[in-house]
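The primary structure of each chain is shown beneath.
Protein chains: 2
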Amino acid sequence: MSKKENTGKLQEGLTAKKLENFSEWFQQLILKASLADYTPVSGCMVFKPTAWAIWEKIKEETDKEFGKIGVQNVYFPLFIPESLLSKEAEHVEGFAPEVAWVTHGGNTKLGERLAVRPTSEAIMYDLYSKWIRSWRDLPLLYNQWNNVVRWEFKHPVLFLRTREFLWNELHSVFSSEKEAIKHGEKVMKAYNKITEDLMALPGIYGRKTDKEKFAGAIFSEKMHHYLPNGKMIEGTCFHYDGQNFAKAYNIKFKTKKEKEEYAYQNTHAISTRMLGAMFAIHSDDKGLIIPPKLAPNKIVIIPIRFEKNKDVLKKAKEISKILSRYNPLLDERLEVTPGYKFHEWELKGIPLKIEIGPNDLKKNQVVVVRRDNHKKITVKDKNLRKKIESELEEMQKELLKKADELLQKNLSKAEGLQDAVKKINQKKVVLVPLKNSKDIEDILKEKTKGAKTLCRPINQPKIKGKKCIISGKQADYWVYIGKSY
Amino acid sequence: MSKKENTGKLQEGLTAKKLENFSEWFQQLILKASLADYTPVSGCMVFKPTAWAIWEKIKEETDKEFGKIGVQNVYFPLFIPESLLSKEAEHVEGFAPEVAWVTHGGNTKLGERLAVRPTSEAIMYDLYSKWIRSWRDLPLLYNQWNNVVRWEFKHPVLFLRTREFLWNELHSVFSSEKEAIKHGEKVMKAYNKITEDLMALPGIYGRKTDKEKFAGAIFSEKMHHYLPNGKMIEGTCFHYDGQNFAKAYNIKFKTKKEKEEYAYQNTHAISTRMLGAMFAIHSDDKGLIIPPKLAPNKIVIIPIRFEKNKDVLKKAKEISKILSRYNPLLDERLEVTPGYKFHEWELKGIPLKIEIGPNDLKKNQVVVVRRDNHKKITVKDKNLRKKIESELEEMQKELLKKADELLQKNLSKAEGLQDAVKKINQKKVVLVPLKNSKDIEDILKEKTKGAKTLCRPINQPKIKGKKCIISGKQADYWVYIGKSY
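From first to last, the protein sequence lines stand for chains A and B.
Under this note's numbering, think of the first position of the first sequence as 6, with each following residue one higher.
Under this note's numbering, think of the first position of the second sequence as 6, with each following residue one higher.
Just so you know, the hints here were simulated from the structure itself, not pulled from any lab data.
Treat the hints loosely; a few may be bogus.
Because identical chains cannot be distinguished in the list, a pair is counted as satisfied if it fits within a single copy or across any two copies.
[What the hints assert, rightly or not] With a straight-line cut-off of 27 Å between C-alpha atoms, the simulated DSSO-like cross-links for lysine-lysine are:
#, residue 1, residue 2
1, 62, 73
2, 469, 380
3, 454, 198
4, 37, 257
5, 298, 159
6, 114, 319
7, 191, 322
All values reported here derive from a predicted model rather than from experimental measurement.
Could you build all of it, start to finish, from the sequences and the hints given here?
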């Protein structure tokens, strides 16, 4: 095998069903497909090779897209002094309850507590204020890929809710609001290439309500993905901070007219939570399904009855070489049966399986089986490379299509609270008219047993004459509500 | 310019001299060449785009080499519970005095303190013991790229001594000592490709004394690089742990004969300190010099008198396109003079400068200037691509050669303490006969005002009859001693 895989022990398949018991199914999927594991640190997980390779690919492709719009990567410290974190009032209020605090270095008590970064605005902007002097220094488009910690007290879920997670945080600075928002939109387009084209994840995009926006932002816009348990998970995001942080951290620049002005800022992120969303959305009761473009090994080749027929193994090796760009695994283990191998690679989500036995050898053909729909086709050797390419492409497209069908099926609309609650109980995401009010959102959460506002779609249906489903008064906007992580 | 550079303010050159005041020169170099900056967190720095791009390239190339020898990337948590860190006695003793401790999550005091990882043996091996059952699970070759924290109380130095740094840590597990050591040697060969072929850094390699070896290892071998201030800095490393950690963390496997045995382990690392070594070794009084293979932009194109001659700028753009694989910068700023530009790009270490003016245009030529030796050559357009390639190759080679000459010039040998001290005061690294004893090394440090043992070269000169320079008794080995970071 071109990459090492542990092969000794018999691997049990998934016993829980995705549609019957999502939580149990998801946990089994992650553990049995060897994507991740729990650790002795509560809420913190380990990323095993397949999951990590996928994350690295996502980073690589995001960097490519970011490079096209002028973004540069940097690295800032893990620790943020408490006084610095506290400079922007809303920001510290939003994050302080979840900060992991370092109080000692060795046996020495530190003069000031250090926050393990929950996000890096505070430390980055302090330096931005030192570096930025003139319009010539703008735009400044710095991104970092790092680990952050938010000490949540909710029940942790592998990938989806962990205390440490990894992400990119892009913190950009501009000389005008217009320029900031224009670049922010470009970033979201770049992210869409990653989530849609690579991860095959559709979503609904829109603006958060004031209650749910990022602590310190003027507005937050986010992508939301629908999980099969009816919960939405937040995806990529765009926070427009206006001059809020610039004022708190004193980021000023001289305009062309030599006037001093506070700068305008955006932040954006994509995190490892997205991996969880992707595994959950595409996989099935037999195990992992991942989009071919992200699969570290896109093919597994399984020779059949090759113990007595050396030509079979020889042919399998030839095929492996021909298809090397797909980083194929060749499973030539003798101690387990082909059936065992099929089962194992299905569980681990290799997109295409190629079987080759003595009969196929005679006929100059192989059998190709797709992981997502179990379609089995016989392919003549001379067509192999082309067919593999087209099957991978088709699989990639169909995963997105299927996920989008699931999403669309579960989007709904309601103009009354009772109807909304009914639909939420049916695991739907419901577009409702609502007033812009934190109190109303609190009542909404109570009445729906946990649903929150998700986002206000950019293209709003007519709101005039529509009544807020909580207050009965004229609503301010249409907003999606639903359960979420 | 293809990549954004801040251009507004006049940039002062280096005022300190490398050979006169290394510390001041090095700090100015790092800050003025925009490689890094200090932060409000003592001992923690920010990596700016050029330095970070170089580190990313080093990661990428290391991953390629690691892939060839079966290593896979993973990610383990940042935090390690105190009880877990304490399982291997020598290990915890070595690291505990420098651990940054997390004691609170939000307002809640944690039940157990969490160490911010100073290194990840404890958390990784705890999971290894769960995952490894049989010889079939071995070798297990897991690597991670991450950030670690060691709360040192010595004066911090940008890149060279920081409390947070980034590195890879490869923790591999084998079923025999022989296999472990064989793989460890392969890893060191892979690292050599990075340090020698890419970073152009020569070094001396050898085994650490028992006093200086890694806390918990059977033996440690390290590469050491000579800095122009006479101090050595440790580079890539190979710790062979034998079964020490396997016993502490209970990592057992069933052999082919169904016998239970403790596993054998190696660890290896390369860190961002190496960037500091590289900047320090190659750069000069005019600013940064970096090996062309690692330069994010290998060329800067400076058009001359192009304000009144549009063809000059046109030609400069053509050249930029032709040389796009070298990611050239085209400096078409009008507000600063060519002289200012030369100075700035020299300071920032772009390997090749291409000047083109109206005269060159007429003659179908450009002027190429090398950053390292200031060699200026006129190149006909038709030869440009070939000449650029050969100049970059030559520069890469010469940087290694020059660094090696510096190293060799400063290696020395001494058989008496007085001679050794004299040579150390001349900033040399001295090979001396010594007894294997912690006490003797303590005396050595005192007598030499701070020199330590560095490493015992693998190829040892004859030791029989040679007397330990401290005790006067028969020495156990030849060992390099010198000042170090």
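Each hint, compared with the structure:
For the homomeric pair residue 62 and residue 73, the shortest alpha-carbon distances inside one copy (17 Å) and between copies (18 Å) are both at most 27 Å. Within a single copy, residue 469 and residue 380 get their C-alpha atoms no closer than 50 Å, and across copies no closer than 74 Å, so neither meets the 27 Å cut-off. Neither within a single protomer nor between protomers do residue 454 and residue 198 lie at most 27 Å apart by alpha-carbon distance, with minima of 35 Å and 59 Å respectively. For a Cα distance limit of 27 Å, the shortest separation of residue 37 from residue 257 across copies, 21 Å, qualifies, whereas the shortest one inside one copy, 52 Å, does not.
Neither within a single protomer nor between protomers do residue 298 and residue 159 lie at most 27 Å apart by alpha-carbon distance, with minima of 33 Å and 48 Å respectively. Proximity of residue 114 and residue 319 under a CA criterion of 27 Å is satisfied in neither setting, with 65 Å inside one chain copy and 62 Å between copies. Taking the shortest Cα distances, residue 191 and residue 322 sit within 27 Å of each other only across copies (26 Å), while inside one copy they are farther apart (45 Å).
Of the numbered hints stated above, those contradicted by the structure are hints 2, 3, 5, 6, listed in ascending order.
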